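*Asks:* The chain contents come next:
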Amino acid sequence: MTLYVLEYHLVSYRRIWRSSVLSSFVLPLLTMLGFGVGVGAYVTGGVAGVPYLDWMVPGLIASTAIQIAIGDSTWPVLAGFEWQRIYYGQAAAPLRVSDILDGHLAFVVFRTVISCAAFLLIATAFGTMHSWWALATLPIAALVALAVAPATFAYSASIRVDSYLAILFRLGVIPMSLFSGVFFPVESLPALLRWIAYALPLWHGVDLSRAATLGVAPAWSVSGHVLYLALWAVVGWLLAYRQFTRRLVV
Amino acid sequence: MTLIHARGLVKRFADFTAVDGIDVDVRRGEAFGFLGPNGAGKSSTMRMIGCVSPPTDGTLSILGLDPLRDGPKIRAKLGVCPQLDNLDQELTVRENLTTYARFFGIPRKVARRRADELLEFVQLTERANSKVEPLSGGMKRRLTIARSLVNEPEIVLLDEPTTGLDPQARHLVWERLFRLKQQGVTLVLTTHYMDEAEQLCDRLVVMDNGKIVAEGSPRALIEQHSTREVVELRFEAESQEVFADKLAGLGERLEVLPDRILLYVADGDAALAEVHRRALSPAGVLVRRSSLEDVFLHLTGRTLVD
Chain A
1 MTLYVLEYHL VSYRRIWRSS VLSSFVLPLL TMLGFGVGVG AYVTGGVAGV
51 PYLDWMVPGL IASTAIQIAI GDSTWPVLAG FEWQRIYYGQ AAAPLRVSDI
101 LDGHLAFVVF RTVISCAAFL LIATAFGTMH SWWALATLPI AALVALAVAP
151 ATFAYSASIR VDSYLAILFR LGVIPMSLFS GVFFPVESLP ALLRWIAYAL
201 PLWHGVDLSR AATLGVAPAW SVSGHVLYLA LWAVVGWLLA YRQFTRRLVV
Chain H
1 MTLIHARGLV KRFADFTAVD GIDVDVRRGE AFGFLGPNGA GKSSTMRMIG
51 CVSPPTDGTL SILGLDPLRD GPKIRAKLGV CPQLDNLDQE LTVRENLTTY
101 ARFFGIPRKV ARRRADELLE FVQLTERANS KVEPLSGGMK RRLTIARSLV
151 NEPEIVLLDE PTTGLDPQAR HLVWERLFRL KQQGVTLVLT THYMDEAEQL
201 CDRLVVMDNG KIVAEGSPRA LIEQHSTREV VELRFEAESQ EVFADKLAGL
251 GERLEVLPDR ILLYVADGDA ALAEVHRRAL SPAGVLVRRS SLEDVFLHLT
301 GRTLVD
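Keeping their order, the protein sequence lines are chains A and H. Counting in this note's numbering, the first sequence runs from 1 upward without gaps. Counting in this note's numbering, the second sequence runs from 1 upward without gaps.
Don't read these hints as lab results, they were simulated from the structure. A couple of the hints might just be wrong.
The list that follows gives simulated cross-link-like pairs (lysine to any residue, SDA-like), each with its CA atoms no further than 20 Å apart [to be verified]:
| no. | chain 1 | residue 1 | chain 2 | residue 2 |
| --- | --- | --- | --- | --- |
| 1 | H | K77 | A | R96 |
| 2 | H | K77 | H | K211 |
| 3 | H | K109 | A | P76 |
| 4 | H | K73 | A | R14 |
| 5 | H | K211 | H | Q224 |
| 6 | H | K73 | A | T2 |
| 7 | H | K77 | A | R14 |
| 8 | H | K131 | H | R112 |
| 9 | H | K109 | A | L3 |
| 10 | H | K73 | A | F81 |
| 11 | H | K131 | A | V250 |
| 12 | H | K109 | A | L6 |
| 13 | H | K131 | A | R18 |
| 14 | H | K140 | A | Q84 |
| 15 | H | K131 | A | S19 |
| 16 | H | K131 | A | R14 |
| 17 | H | K73 | A | L3 |
| 18 | H | K140 | A | V249 |
| 19 | H | K211 | H | Y193 |
Remember, it's a predicted structure, so these values are computed and weren't measured experimentally.
Could you put together the complete structure from these sequences and hints?
*Replies:* Next comes the structure, spelled out in structure tokens:
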């Protein structure tokens, strides 16, 4: 049943995939050039023994994963309840609330992985990958997407107007992207901010991704990262399920 | 055979009671209507029957199954045409049908064939590959009806199927629904249009404030709650009120409106003759058959409900 819902989202995606894939390539390309080459020219000593660009790229892949996963869990979910109301159409069919939720989540994960694969391809072309472990950035991206998408679904399902989404991006996504060790090590942050970075999901994805592309051990244990991200996924899913049920079964 | 069976059905939201203990039986092959003003509880009832809204109290069985336990199983045999269209605007007309068919586990090939048949049925074949967004309200509604038929349902639920459509579009929808009825599909619809109810329904209930206030075929309801004919008299005066006394005793019931007086009588012409015999000369006269609208307004009142 969940697969039928995923299939619907894929059919829907087929109409826009060309422009979507194009932007998945353009965005990383521009960031590579702007941040890596431009900023990297000033950070001549590199970071942790590798050129700045090589150090930063895995963080950007994880950050892209989060942005795509959250982005695709906001307006489309709000539209599903408020504008196009497609969830109500699905709820009238023999689907369960969990099918509707999981099918859409699966699509968000799919989109995230596709976008990160494009990024990985470009980054490899720039010679920033140090290990075959770099391929692990894709399952890491999926895990990161699973960690943030359900909680974002819950949020988007609990609001009625999209001005609340702007708040989520300004107060949540953008600060998280800046302070999660993507552009500079979290160790340079004051203790309080560092702990906030540890509490948010992105840093865990960044640390895992970076270990993968550089072929080194992560700062935390792999299982510690995975379990923490899984915790986000489970709690987020329970919240999303409760919120979806509240909207669809009344 | 009874397809929908409800006893003492109640739906409460916090401290608001939307449906207040109704009994309903819908038999196979009939067209059954819920008639009532806005806020009467029609849509809440439809959502409970559609198994997307658990009843607060009472018993409800659909196709012999319990909506709480067998929701997906029941919904597999229902077709739902909601009040607000929830089509996918980005997809084409045909894709809306084929993707929806997949939710019922219908194989892709069958889904495509059925989509083409249904587009033919609702006269949208030429628009099959166009997106939904630019379609007119009537076309979207016909597409929603087609979508509700994609699983060959045993019961089709239509919540205000023609609200907001222009007259041509309404007649086309009615005609299609009538064809469905002829094919033996059980139709359950809500409406606040009397002509719709008279055209389509074999049997209906009138709801008001969450309760059923009358029940029967359109003809039986008119016979029970109104007279055979109605005489409408329009007097040229500031107030129609003064003429009411002079008409006393005429007919079963008399209703004074700001612009006219309605006489509910068995024989309109005889009543009119009596009006003239009393030396009254109304400026406008209309003798007509009693309609479901008279029943409806009599039962649910003329006060505006928003």
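*Asks:* Against this structure, judge whether each hint is valid.
*Replies:* Cross-check of the supplied hints:
Our distance criterion of 20 Å between C-alpha atoms is met by H:K77 and A:R96, whose separation comes to about 15 Å. Between H:K77 and H:K211, the direct Cα distance comes to roughly 27 Å. Violation of the 20 Å bound is thereby established for this hinted pair. The hinted pair formed by H:K109 and A:P76 fails the criterion: a straight-line CA distance of about 29 Å is larger than 20 Å. Note on H:K73 and A:R14: the hinted pairing is violated, with a Cα-Cα distance of about 31 Å set against a maximum of 20 Å.
Between H:K211 and H:Q224 the CA atoms are separated by roughly 18 Å; this keeps the pair inside 20 Å, and the hint holds. Of the supplied pair hints, the one linking H:K73 and A:T2 holds, its CA atoms being roughly 16 Å apart against a limit of 20 Å. Between H:K77 and A:R14 the alpha-carbon distance is near 30 Å, which puts this suggested pair outside the 20 Å criterion. At most 20 Å may separate the alpha-carbon atoms for a hinted pair to count; H:K131 and H:R112 meet this at roughly 17 Å.
For the hint linking H:K109 to A:L3, the alpha-carbon distance of about 17 Å falls within 20 Å, and the restraint holds. Of the pairs offered as hints, the one joining H:K73 and A:F81 is violated, with about 24 Å between alpha carbons and a cut-off of 20 Å exceeded. At roughly 31 Å between alpha-carbon atoms, H:K131 and A:V250 are farther apart than 20 Å, so this suggested pair is violated. Between H:K109 and A:L6 the alpha-carbon distance is near 18 Å, which keeps this suggested pair within the 20 Å criterion.
Of the pairs offered as hints, the one joining H:K131 and A:R18 holds, with about 18 Å between alpha carbons and a cut-off of 20 Å not exceeded. A hinted pair counts as satisfied when its Cα atoms are at most 20 Å apart, and H:K140 with A:Q84 qualifies at roughly 13 Å. Straight-line distance between C-alpha atoms of H:K131 and A:S19 comes to about 18 Å, which keeps the hinted pair within the 20 Å bound. At roughly 14 Å between alpha-carbon atoms, H:K131 and A:R14 fall within 20 Å of each other, so this suggested pair holds.
With a C-alpha separation of about 18 Å, the suggested pairing of H:K73 with A:L3 holds against the 20 Å cut-off. Taking the CA atoms of H:K140 and A:V249, the gap is about 25 Å. The hint is violated against a cut of 20 Å. Distance hint between H:K211 and H:Y193 is fulfilled; the C-alpha atoms sit about 19 Å from each other, no more than 20 Å.
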